[in-house]
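Generate the whole structure from the sequences, applying the supplied hints.
Number of protein chains: 4
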Amino acid sequence: MTSLSRRLTAEALGTGLLVATVVGSGIMAERLTGDTAVALLGNTLPTGAILFVLITLLAPLSGAHFNPAVTLVAAMQGAMSARTAGLYAVVQVAGGVAGTVLAHLMFETAPVVAGVQARTGGAQWLSEGVATFGLVATILLGSRVRPPAVPALVAAYIMAAYWFTASTSFANPAVTIARSLTDTFSGIRPEDVPAFVVAQCAGAVIALGLVRWLLPNEKPA
Amino acid sequence: MTSLSRRLTAEALGTGLLVATVVGSGIMAERLTGDTAVALLGNTLPTGAILFVLITLLAPLSGAHFNPAVTLVAAMQGAMSARTAGLYAVVQVAGGVAGTVLAHLMFETAPVVAGVQARTGGAQWLSEGVATFGLVATILLGSRVRPPAVPALVAAYIMAAYWFTASTSFANPAVTIARSLTDTFSGIRPEDVPAFVVAQCAGAVIALGLVRWLLPNEKPA
Amino acid sequence: MTSLSRRLTAEALGTGLLVATVVGSGIMAERLTGDTAVALLGNTLPTGAILFVLITLLAPLSGAHFNPAVTLVAAMQGAMSARTAGLYAVVQVAGGVAGTVLAHLMFETAPVVAGVQARTGGAQWLSEGVATFGLVATILLGSRVRPPAVPALVAAYIMAAYWFTASTSFANPAVTIARSLTDTFSGIRPEDVPAFVVAQCAGAVIALGLVRWLLPNEKPA
Amino acid sequence: MTSLSRRLTAEALGTGLLVATVVGSGIMAERLTGDTAVALLGNTLPTGAILFVLITLLAPLSGAHFNPAVTLVAAMQGAMSARTAGLYAVVQVAGGVAGTVLAHLMFETAPVVAGVQARTGGAQWLSEGVATFGLVATILLGSRVRPPAVPALVAAYIMAAYWFTASTSFANPAVTIARSLTDTFSGIRPEDVPAFVVAQCAGAVIALGLVRWLLPNEKPA
Numbered sequence: 048m049t050s051l052s053r054r055l056t057a058e059a060l061g062t063g064l065l066v067a068t069v070v071g072s073g074i075m076a077e078r079l080t081g082d083t084a085v086a087l088l089g090n091t092l093p094t095g096a097i098l099f100v101l102i103t104l105l106a107p108l109s110g111a112h113f114n115p116a117v118t119l120v121a122a123m124q125g126a127m128s129a130r131t132a133g134l135y136a137v138v139q140v141a142g143g144v145a146g147t148v149l150a151h152l153m154f155e156t157a158p159v160v161a162g163v164q165a166r167t168g169g170a171q172w173l174s175e176g177v178a179t180f181g182l183v184a185t186i187l188l189g190s191r192v193r194p195p196a197v198p199a200l201v202a203a204y205i206m207a208a209y210w211f212t213a214s215t216s217f218a219n220p221a222v223t224i225a226r227s228l229t230d231t232f233s234g235i236r237p238e239d240v241p242a243f244v245v246a247q248c249a250g251a252v253i254a255l256g257l258v259r260w261l262l263p264n265e266k267p268a
Numbered sequence: 048m049t050s051l052s053r054r055l056t057a058e059a060l061g062t063g064l065l066v067a068t069v070v071g072s073g074i075m076a077e078r079l080t081g082d083t084a085v086a087l088l089g090n091t092l093p094t095g096a097i098l099f100v101l102i103t104l105l106a107p108l109s110g111a112h113f114n115p116a117v118t119l120v121a122a123m124q125g126a127m128s129a130r131t132a133g134l135y136a137v138v139q140v141a142g143g144v145a146g147t148v149l150a151h152l153m154f155e156t157a158p159v160v161a162g163v164q165a166r167t168g169g170a171q172w173l174s175e176g177v178a179t180f181g182l183v184a185t186i187l188l189g190s191r192v193r194p195p196a197v198p199a200l201v202a203a204y205i206m207a208a209y210w211f212t213a214s215t216s217f218a219n220p221a222v223t224i225a226r227s228l229t230d231t232f233s234g235i236r237p238e239d240v241p242a243f244v245v246a247q248c249a250g251a252v253i254a255l256g257l258v259r260w261l262l263p264n265e266k267p268a
Numbered sequence: 048m049t050s051l052s053r054r055l056t057a058e059a060l061g062t063g064l065l066v067a068t069v070v071g072s073g074i075m076a077e078r079l080t081g082d083t084a085v086a087l088l089g090n091t092l093p094t095g096a097i098l099f100v101l102i103t104l105l106a107p108l109s110g111a112h113f114n115p116a117v118t119l120v121a122a123m124q125g126a127m128s129a130r131t132a133g134l135y136a137v138v139q140v141a142g143g144v145a146g147t148v149l150a151h152l153m154f155e156t157a158p159v160v161a162g163v164q165a166r167t168g169g170a171q172w173l174s175e176g177v178a179t180f181g182l183v184a185t186i187l188l189g190s191r192v193r194p195p196a197v198p199a200l201v202a203a204y205i206m207a208a209y210w211f212t213a214s215t216s217f218a219n220p221a222v223t224i225a226r227s228l229t230d231t232f233s234g235i236r237p238e239d240v241p242a243f244v245v246a247q248c249a250g251a252v253i254a255l256g257l258v259r260w261l262l263p264n265e266k267p268a
Numbered sequence: 048m049t050s051l052s053r054r055l056t057a058e059a060l061g062t063g064l065l066v067a068t069v070v071g072s073g074i075m076a077e078r079l080t081g082d083t084a085v086a087l088l089g090n091t092l093p094t095g096a097i098l099f100v101l102i103t104l105l106a107p108l109s110g111a112h113f114n115p116a117v118t119l120v121a122a123m124q125g126a127m128s129a130r131t132a133g134l135y136a137v138v139q140v141a142g143g144v145a146g147t148v149l150a151h152l153m154f155e156t157a158p159v160v161a162g163v164q165a166r167t168g169g170a171q172w173l174s175e176g177v178a179t180f181g182l183v184a185t186i187l188l189g190s191r192v193r194p195p196a197v198p199a200l201v202a203a204y205i206m207a208a209y210w211f212t213a214s215t216s217f218a219n220p221a222v223t224i225a226r227s228l229t230d231t232f233s234g235i236r237p238e239d240v241p242a243f244v245v246a247q248c249a250g251a252v253i254a255l256g257l258v259r260w261l262l263p264n265e266k267p268a
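Residue numbers (our numbering), protein chains in the order written: chain A, 48 to 268; chain B, 48 to 268; chain C, 48 to 268; chain X, 48 to 268.
A couple of the hints might just be wrong.
Unchecked claim - Cβ-Cβ distance ranges computed for the label pairs, FRET-style: (1) X:A249 / B:V159: 54 to 64 Å; (2) A:G81 / C:P263: 47 to 57 Å; (3) B:S128 / C:N264: 51 to 61 Å; (4) X:M123 / C:N264: 30 to 40 Å; (5) B:Q124 / A:G168: 46 to 56 Å; (6) X:I253 / A:S52: 14 to 24 Å; (7) A:R236 / B:T49: 40 to 50 Å; (8) B:G81 / A:G168: 24 to 34 Å; (9) C:P241 / X:P158: 47 to 57 Å; (10) A:P195 / X:A249: 31 to 41 Å.
Claimed, not checked - If you want a taste of the chain C side facing chain B, the calculated C-beta under 7 Å gives, among others: (11) T68; (12) S72; (13) A96; (14) V137; (15) M153; (16) F154; (17) E155; (18) V192; (19) R193; (20) W260; (21) P263.
Quick caveat, the hints were computed from the structure, so don't treat them as lab data. Bear in mind that the values here come from a model prediction, so they are computed numbers and not experimental data. Virtual Cβ for every residue (Gly too), placed ideally from N, Cα, C.
So, in structure tokens, the structure goes:
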């Protein structure tokens, strides 16, 4: 069993590098092109690639959640205690914020700036609910039917969800908070964060219910 | 054996998320760029990615057809009864239509709008015949020579076919019907649907014949 | 042992679909964008994807050469007779030409048109020699150190070579001949074909020599 | 055990083809488009693809370092002698320079031209430190938790790092030196090389320390 300090380090490191990739590639993309679809491609590929890497490398240490909505579902399944889940969420948020700061330092902007991109309203919340439903269903089904493929499945799912949801699929409360601290391509206004988090958790819980019905005889992974 | 209700749920869910991705990423792409090739890239990558995910996750439940032409071939091989095949086709179409509605709700357009994109004539029908021939040949050969790779093979095949056929490769009667209910990037006029479906079924049946000749001593998977 | 007629069918079918993808995606790309790098991306991804599919599916039948330079190396290794190699080359060229015709019919152009794109001179020939050297080295080394990865390795190699060689990496005499019959994005002037074929065969033979020195104790696969 | 001459040949060949791909695809991209983000996509995909190919093929021969910072870490772990590590670094640099020359010959420019792109300052050095930290952590963790995935992991990591670091992630002293000899898309001024190399080695050593703490009971691979 990996020690709790190593597990929390892995969660912080993974969430931090994930956010640094999302924010950093967004800055790189918007600096290099005026075509927003090209910029989104330049945001999508690095995000998918780093998810594949981080989940493959860190899942043996911490489970590679990097996402409080995923940790919530794990706790609901009894796979971890409420206390451990809470600690996971804390270091995920802290790691994510550090990731935003790191991206800003690499691209020579102020370390933290409140996001200015409005992302609110029913269509956006529906998008976040769908996005997180799909992400959690992918993780739960994938970890039962083909565990070694989970890193590639999550990466592929998020690359799709960047494009098929209207919100570009944040699908992660820690990442959403971290992205509220940048005014660049991937940012979101701080006041829009709470509704996103609610929608994400709702989508996650619905996914858990669906998977339990689809695979009734299976044990949680 | 998975119960029929779970199998049908898996087919509806999979076809729905596939169509939501095709239609949703098309809307995202056409809103973000004026370069149609960039838009098609922004449609191609999410479609390939979600196919890899959905087939990997749902094949153990329902076979992950998501496509009446594939179900037709399965029934012709004796792998499922005509009644089950008919039910599959019904839920595939229903799921696909729901996918279009979901994409429209996420992107704040009317739930259902008749397609306006003309896609007709011999070259388009040839394209659909070739596209579906290739898709069914990929599934039939892949499920015999390397079954675990089928999700990646189908995803890769469709990403290629989006570009090498003049119709961008619908290759699926349920998806074609669902795409006749959107007037966005991925739409098709309702009056153009029947000929597409005929061409798709013809391509599928020809693929079955070819594979039977190429692998005569093999049992269907 | 697969019968010779089935092996030749597999070679013709594979080369044909490969060329249809190269030529068809080139036409699609040049019709949709004025940005040539975007067009090359729209040519690169489908080519890589279809190579992964075709080699995975057809290698168990024919070896999935689809390329007279690869067949030449196989014959030099004693893996097939000169007569069989000659038949392979004939059906590869015939299949490739049929692929060009199929792409033209899908995109409603004349079935066969002489290429107009000049591709000649030392830098182009060097590019083709390097491209084919790398392709054959990839196949020979890959089939020894990790055989199941060969389809993905060839696909990845060609996607790289489309960009790092000045000729966009034809690397295949049958494909070169077939591409001399289109005046679209992927075409080449017929008078430039012979020097390309010479450079390709030279690169292939050099790769065979290098691999024999690098892996002296290994048997050909 | 592969002979030292074969190991050094593999390192020189691999580094050479890697640099030829980085430099060549950069030239191809900047010639074909005025959109710098499209050009970076046209540089990213070939680099990732060739890394997957070269590491898969040559790792059984030499370990497929292609990078003095990786060789340094291997020597610090006791996996190779200081003398062998020094020879590795020499042939990596020589192979890299040959790769630049090869790219220039294929694209008909002067064989060697001093780079003109300024890449200096704290944000660039931080970027290189982060980029190499991530690369070495990927290799060290990957070779312990899932060795067969290392080629794909390195390829995916570098594709992400091209976009999320402000320097586009050189992350390799030999490649940095080789890229100082081109004045094209991927170039760097010779006077900016030393600080890049220092930052890269610092990132590599920090990664080694982190991985030793995260996986204390594991032996080096």
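>> Holds or violated: the hint that R193 of chain C contacts chain B, with Cβ atoms closer than 7 Å.
In response: This hint is violated: R193 of chain C lies away from chain B, its Cβ roughly 15 Å from the closest one there, beyond 7 Å.
>> Holds or violated: the hint that V137 of chain C contacts chain B, with Cβ atoms closer than 7 Å.
In response: violated, 19 Å
> Is 54 to 64 Å a correct range for the gap between the Cβ atoms of A249 of chain X and V159 of chain B?
Replying inline: Between A249 of chain X and V159 of chain B, where Cβ atoms are some 58 Å apart, the hint holds.
> Going by Cβ atoms only, is S72 of chain C closer than 7 Å to chain B?
Replying inline: Holds: closest Cβ of chain B sits about 4 Å from S72 of chain C, inside 7 Å.
>> Would the hint on W260 of chain C be counted as holding, given a Cβ-Cβ threshold of 7 Å to chain B?
In response: For W260 of chain C, the interface hint is violated, since the closest Cβ of chain B sits about 32 Å away, which is over 7 Å.
>> Quick check on the hint: A96 of chain C CB to chain B CB, less than 7 Å?
In response: Status holds, d = 4 Å.
> Range hint 47 to 57 Å: satisfied by the CB atoms of P241 of chain C and P158 of chain X?
Replying inline: violated, 28 Å
> When you take the CB atoms of S128 of chain B and N264 of chain C, is the distance between them in 51 to 61 Å?
Replying inline: holds, 56 Å
> Honestly, do R236 of chain A and T49 of chain B meet the 40 to 50 Å range at C-beta?
Replying inline: Holds: the Cβ-Cβ distance is about 45 Å, inside 40 to 50 Å.
>> Is the interface hint satisfied for P263 of chain C? The criterion is a beta-carbon contact with chain B at less than 7 Å.
In response: Nearest chain B Cβ about 31 Å off; hint violated.
> Should the hint that E155 of chain C touches chain B count as held when the rule is a Cβ pair under 7 Å?
Replying inline: Check passed: Cβ of E155 of chain C comes within 4 Å of chain B, closer than 7 Å.
>> Can you verify the interface hint for V192 of chain C: is its Cβ closer than 7 Å to any Cβ in chain B?
In response: This hint is violated: V192 of chain C lies away from chain B, its Cβ roughly 19 Å from the closest one there, beyond 7 Å.
When held up to the earlier numbered hints, the structure conflicts with 9, 14, 18, 19, 20 and 21 and fits the remainder.
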